[in-house]
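Protein chains: 2
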Amino acid sequence: MKVTSVWQGGRSFLSTGPSGYAVKTDASAEHGGQGEGAAPMELVLAGLAGCMGVSVTMILERSRLAVERIEIEAEGRRTTEATQGFTYIEVVFKIDASGNPPARRVWRAMELSMEKYCSVSASLKADIGLRLLLNGCDYDT
Amino acid sequence: MKVTSVWQGGRSFLSTGPSGYAVKTDASAEHGGQGEGAAPMELVLAGLAGCMGVSVTMILERSRLAVERIEIEAEGRRTTEATQGFTYIEVVFKIDASGNPPARRVWRAMELSMEKYCSVSASLKADIGLRLLLNGCDYDT
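Protein chains in written order, with the working numbering: chain A, 167 to 307; chain B, 167 to 307.
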């Protein structure tokens, strides 16, 4: 898979891959840019959430759960200030579903996604921690 | 850093981080989506190119080189079909600059970016290979 990024001046780049959807990145003002685009590290987290979302929605669809809302929060952390890359990422799934969906099944979908199906999680060095809020209730594994 | 991704139906998510710039992802039709957004793995490559672009443009600016065009190609590969994540990413910088810029200095900026400054490369498992085309000529390291 190839992505081509064209310099837009300053710290900004416009990147396009096989999908044809262009994504603009920029550094924040704090880091010498103008904030006229997503921060590159945001794309890593957006890619992780979007990727896990693909397999989780697929598995939940097959389980015939009546999912009404999914929000995924991906929070990347660094061990120390000096560490450049993410060392730990917490991925929180907030899922609302009608009926009485078994939390264990949703949790299993999240685990399968992270461990087996998601190419982004497999590409990252960071340890990934999962959390599920199903209809507002924290699933206690 | 936290990114929040809201399900758009199907395999699509809309992700927003601290920058406020929203990025839509979707799976391709081949992977059960509708291709109505960037593929999550494209965001990894766009993040890497955008991130290396930030530090490379910064360093080149300090070097007072008259850079006219920068295009970065990031191509992710997997060792085998069974491997989910990227195992190798080639990052090609195509830079046009007037005057007679010393290729070694541009190359050094790319190396510094990859090894020291870029948070995305530090977050990825993949080995990263660099290539420089300066004014159309391959720099032979």
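Derived by calculation from the structure, the hints in this document are not laboratory data.
All figures in this text were calculated on a predicted structure; none of them were measured in a lab.
Treat the hints loosely; a few may be bogus.
What the hints assert, rightly or not - Calculated cross-link-like contacts (lysine-lysine; reagent style DSSO-like; alpha-carbon spacing at most 27 angstroms):
(1) B:Lys291 with A:Lys291
(2) A:Lys260 with A:Lys291
(3) B:Lys260 with A:Lys190
(4) B:Lys168 with A:Lys282
(5) A:Lys168 with A:Lys282
(6) B:Lys260 with B:Lys291
(7) A:Lys260 with B:Lys260
Violated constraints from the hint list, given by number and in increasing order: 7
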